[in-house]
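Participant: Sequence:
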Amino acid sequence: MPVVLKNIPLLSNKAQVLDLTAKECLTDEIMHLSLTKKFGTDPNIVVFAASTLGVVLDGHIAANQSDIQLTMSGLSKEIVLFPVNCNRNHWCSVMINLDQGKVFIYDSSASSYLVSLRAVAQKLITLLPNDVRPSTRLQVYESGLGIQVDNYNCGVYVLLAFEIFCGAEPLSHVDKKTLQCLRYRYFRMCAQD
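For the sequence shown, full-length UniProt numbering assigns the number 1 to the initial residue and increments by one for each residue that follows.
Keep in mind the hints are simulated off the structure, nothing from the lab.
Hints may contain errors.
[What the hints assert, rightly or not] Each computed DSS-like pair below joins lysine-lysine, with the alpha-carbon atoms no more than 27 Å apart:
hint	residue 1	residue 2
1	K37	K176
2	K38	K176
3	K102	K38
4	K77	K102
Given the sequences, and given the hints that come with them, work out the whole structure.
Facilitator: Shown next as structure tokens:
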């Protein structure tokens with residue numbers, strides 16, 4: 001067993017990172033930890049926790065929208081990443097490039113969640129400061145990763161799409177084995193102090 005695994009006490013919060021080694025959807029906490037580890041030091045990228053929006057049910061933001069608006073009030077030219085937990089069972093995302101004035105929505109399974117996601121993105125645009133508010137014309141983000149065919153890797157697809165959106169080298173279509181390796185990559189990243 002790798003040293004990283006041996007050093008995680010069973011009854012600690014760090015045990016949550018083991019979600020990344022299983023065949024299940026990522027939790028809100030692991031999604032945020034992964035994004036913080038990956039982008040936390042970049043001042044040009046703003047990551048919102050999934051809890052910022054709450055669970056999105058049929059395109060409705062569960063969280064207090066004035067709180068979201070207040071949090072976004074200082075934005076100017078950043079890339080803004082919103083992981084979106086749709087109906088408690090599928091990860092999607094809203095990605096905003098304020099410098100380019102563009103808003104993208106992403107669903108790894110290209111499903112009916114795009115309709116709900118579109119409503120969420122339209123609402124988020126109205127909550128941005130007037131002087132940086134992008135066009136309300138949304139684009140579906142084409143990650144090049146292919147369509148998700150399982151029911152548990154949506155979070156990994158979203159993490160990869162965020163990386164590519166922020167300038168990482170595109171991977172092209174990913175298969176089951178590659179996704180498993182990527183889950184382990186995110187696990188290692190989250191398990192490090």
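Participant: Does each hint hold? Answer for all of them.
Facilitator: Checked hints:
Taking the CA atoms of K37 and K176, the gap is near 24 Å; set against the 27 Å cutoff, the hint holds. Only pairs whose Cα atoms come within 27 Å are accepted, and K38 paired with K176 is accepted, the gap being roughly 23 Å. Restraint check: the Cα-Cα separation between K102 and K38 comes to about 22 Å, which is no more than 27 Å; the hinted pair holds. The hinted pair formed by K77 and K102 meets the criterion: a straight-line CA distance of about 11 Å does not exceed 27 Å.
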